[in-house]
Structure formats: C-alpha cells, structure tokens
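2 protein chains.
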Amino acid sequence: MESRKKESIEKKLFHLLIQKKKTLACAESCTGGLVSNRITNIAGSSKYFLGSIVSYSNSAKVALLNVPEKNIKKYGAVSSQTCLAMAKGVKSVFSADISTAVTGIAGPGGGTSKKPVGLAFIAVISGSKKSTRKVFFKGSRESIKNKFATAVLEMVYNLIG
Amino acid sequence: MESRKKESIEKKLFHLLIQKKKTLACAESCTGGLVSNRITNIAGSSKYFLGSIVSYSNSAKVALLNVPEKNIKKYGAVSSQTCLAMAKGVKSVFSADISTAVTGIAGPGGGTSKKPVGLAFIAVISGSKKSTRKVFFKGSRESIKNKFATAVLEMVYNLIG
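Residue numbers (our numbering), protein chains in the order written: chain A, 59 to 219; chain B, 59 to 219.
One thing to keep in mind: the hints can contain errors.
Now the in silico label distances, taken between C-beta atoms and shown as ranges [what the hints assert, rightly or not]:
1) A:Gly134 - B:Ser150: 24 to 34 Å
2) A:Gly134 - B:Gly197: 13 to 23 Å
3) B:Ser186 - A:Ser201: 40 to 50 Å
4) B:Gly197 - A:Lys69: 13 to 23 Å
5) A:Gly134 - B:Ser66: 46 to 56 Å
6) A:Tyr133 - B:His73: 43 to 53 Å
7) A:Lys192 - B:Pro174: 43 to 53 Å
Interface residues of chain A toward chain B, partial, derived using beta-carbon atoms under 10 Å [claimed, not checked]:
8) Thr89
9) Ser104
10) Gly197
11) Arg199
Don't read these hints as lab results, they were simulated from the structure. Keep in mind it's a predicted model, so treat the numbers as computed, not measured. The beta-carbon is built from N, C-alpha and C at its ideal position, and this holds for glycine as well.
The whole structure should be built from the sequences, with the hints applied where relevant.
Pasting the structure below:
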C-alpha cells in the first residue's frame with residue numbers, strides 16, 4: 059500500500075469508488091470543468107463517473123440544478139446554501155449515489171471584502187451523509203482553480219472513505 | 059495584431075466572442091470537462107460562457123441533452139449523428155447563441171477496429187450554421203483529450219470567425 063500514498067487524489071478516488079461500486083456526479087461553478095477533467099484523466103473512470111454540470115451562469119444553476127432563485131438572491135451564488143442546493147440538484151439529475159458541488163471566486167476579478175478571490179464552498183452528499191466546507195486559497199486563477207479541485211476530490215474521498 | 063498569433067486558441071476565442079457578443083455552451087463526452095476548463099482558464103470568460111454538460115454516460119446524453127436513444131442504438135455514442143444531437147441539446151438547454159459537442163474515444167481502452175482510440179466527432183452550431191467534423195489523434199489519454207479539446211475550440215473559432 060506504500061505506493062498508494064504517492065498516488066494523486068483522483069487515482070485514490072478511482073480505486074475507492076470502484077471498490078465501493080458507487081457512482082459520482084459533479085456540479086462545478088468556479089472550477090469550470092477542472093474537477094471533471096481530473097476525474098476523467100484516469101482511464102476507467104467511466105465505470106463510476108456519470109458526468110457533471112458546469113453551471114457557470116446563475117441562470118444555469120437555477121434551470122439545470124434546481125437551485126432556488128431565492129437562495130441565490132438571499133445568500134449569493136458563492137454560499138454554503140447555494141453550494142448544497144447545487145449538490146442536491148446534480149445528485150438528482152444524474153441519479154448518482156454520490157454528488158459534489160463547488161462554487162467560489164477564482165479571480166483575478168469578482169472578489170469583494172466579504173467574499174474575496176480564492177474563497178469557495180464545497181458540498182458533498184453520499185446517501186444520508188452531507189458535508190459542506192469553506193476553503194480559501196491564494197495564487198493565480200489557474201492555481202486557485204486547481205487547489206479548489208484538489209479540495210473537492212479530497213472531500214469526496216474523505217466522506218466516503 | 060502580431061501578438062495575437064501567439065495566443066492560445068481559448069484566448070483567441072475569448073476575444074472573438076466578446077467582440078461578437080455571443081454566448082457559448084458545451085456538451086462534452088470524451089474530453090470530460092477539459093474544453094470547459096480551458097475556456098474558463100481565461101479571466102472574464104463568464105461574460106460569454108454559460109456552462110456545459112459533461113455527459114459521460116449514455117443515460118446522461120439521453121436525459122440531459124435529449125439525444126434520441128435510437129440515435130445511440132443505431133449509430134453509436136461516438137457518431138456524427140449523436141454528436142450533432144448533443145450540440146442541439148446543449149444549445150437548447152442553456153439557450154446559448156453557439157454550442158459545441160464532442161464525443162469520442164480517449165483510450166487506452168474502448169477502441170474497436172471501426173472506432174479506434176483517438177477517434178472523435180465534433181459539432182458546432184451557431185444560429186442557422188451547423189458543422190460536424192471527424193478527427194483522429196494519437197497519443198496518451200491525456201494528450202488525446204487535449205488534442206480533441208484544441209480541435210473543438212478551433213472549430214468554434216473558425217465557424218464564427
């Protein structure tokens with residue numbers, strides 16, 4: 059098992075989901091497809107990965123993921139409430155065993171004092187288990203996207219592992 | 059304009075779509091989110107990029123993109139017919155001005171003599187213009203995914219440029 063320690067989180071998740079025979083679907087906002095891209099870089103990921111919805115616009119979050127519009131108005135697109143609603147929505151849309159969602163600000167624009175660049179919320183749902191997390195990273199747009207994606211994959215791994 | 063020649067295709071597409079004031083949505087199968095990831099690596103892409111559906115499973119192609127099940131049965135998931143139906147579906151779902159779709163075999167498994175690893179179909183729809191293309195690339199899984207994604211971005215750029 060020593061070699062597993064050096065494996066990427068997407069490869070670890072691959073082994074775990076194959077072993078658990080569970081399917082996964084993702085809702086991505088600020089990562090813009092990167093989580094799904096990293097999952098599908100692993101050959102054989104089609105055995106458990108059903109797909110994802112990259113809901114870059116707020117209207118897509120409402121129309122495709124059934125996020126209540128009032129959630130977005132009240133708490134904002136970047137909030138734990140909207141994130142959890144996205145995870146619920148994508149789980150239902152794909153009929154997946156496990157779902158995850160991420161919404162945040164990759165920058166360099168779009169940040170505010172309350173919600174700065176580098177902030178994201180991540181949600182994971184697996185059966186009756188639900189978890190949300192707030193993360194904050196620094197770096198370039200691409201670096202922040204990558205750190206968000208790693209945090210998503212780790213959170214899925216930890217909840218079901 | 060000399061410097062534009064050295065720009066990535068996603069950066070060129072960014073300038074073009076901002077200039078044309080057109081919105082874009084994607085349906086990705088074999089690229090698994092990479093097209094969307096490359097688009098959203100460009101800061102400001104939220105001005106035109108509405109989102110995407112990564113329909114990795116056939117059931118997602120039918121349920122989320124309204125690809126006729128008989129299309130998949132008759133022509134296969136990797137076919138120009140299914141690809142065009144995916145592009146039509148995602149254009150409608152996101153109410154986008156322009157849509158693109160890609161379906162193929164990134165490998166290393168899943169190839170056949172008729173549909174080998176490295177084969178993909180790409181479709182682009184912009185208003186009344188429709189275009190489909192068959193491409194074939196060699197390399198590792200990640201390299202093939204990247205070549206597919208570049209071909210998608212180039213095809214969108216060329217159809218609307």
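So which of the earlier hints does this model not fit? 2, 5, 6 and 10
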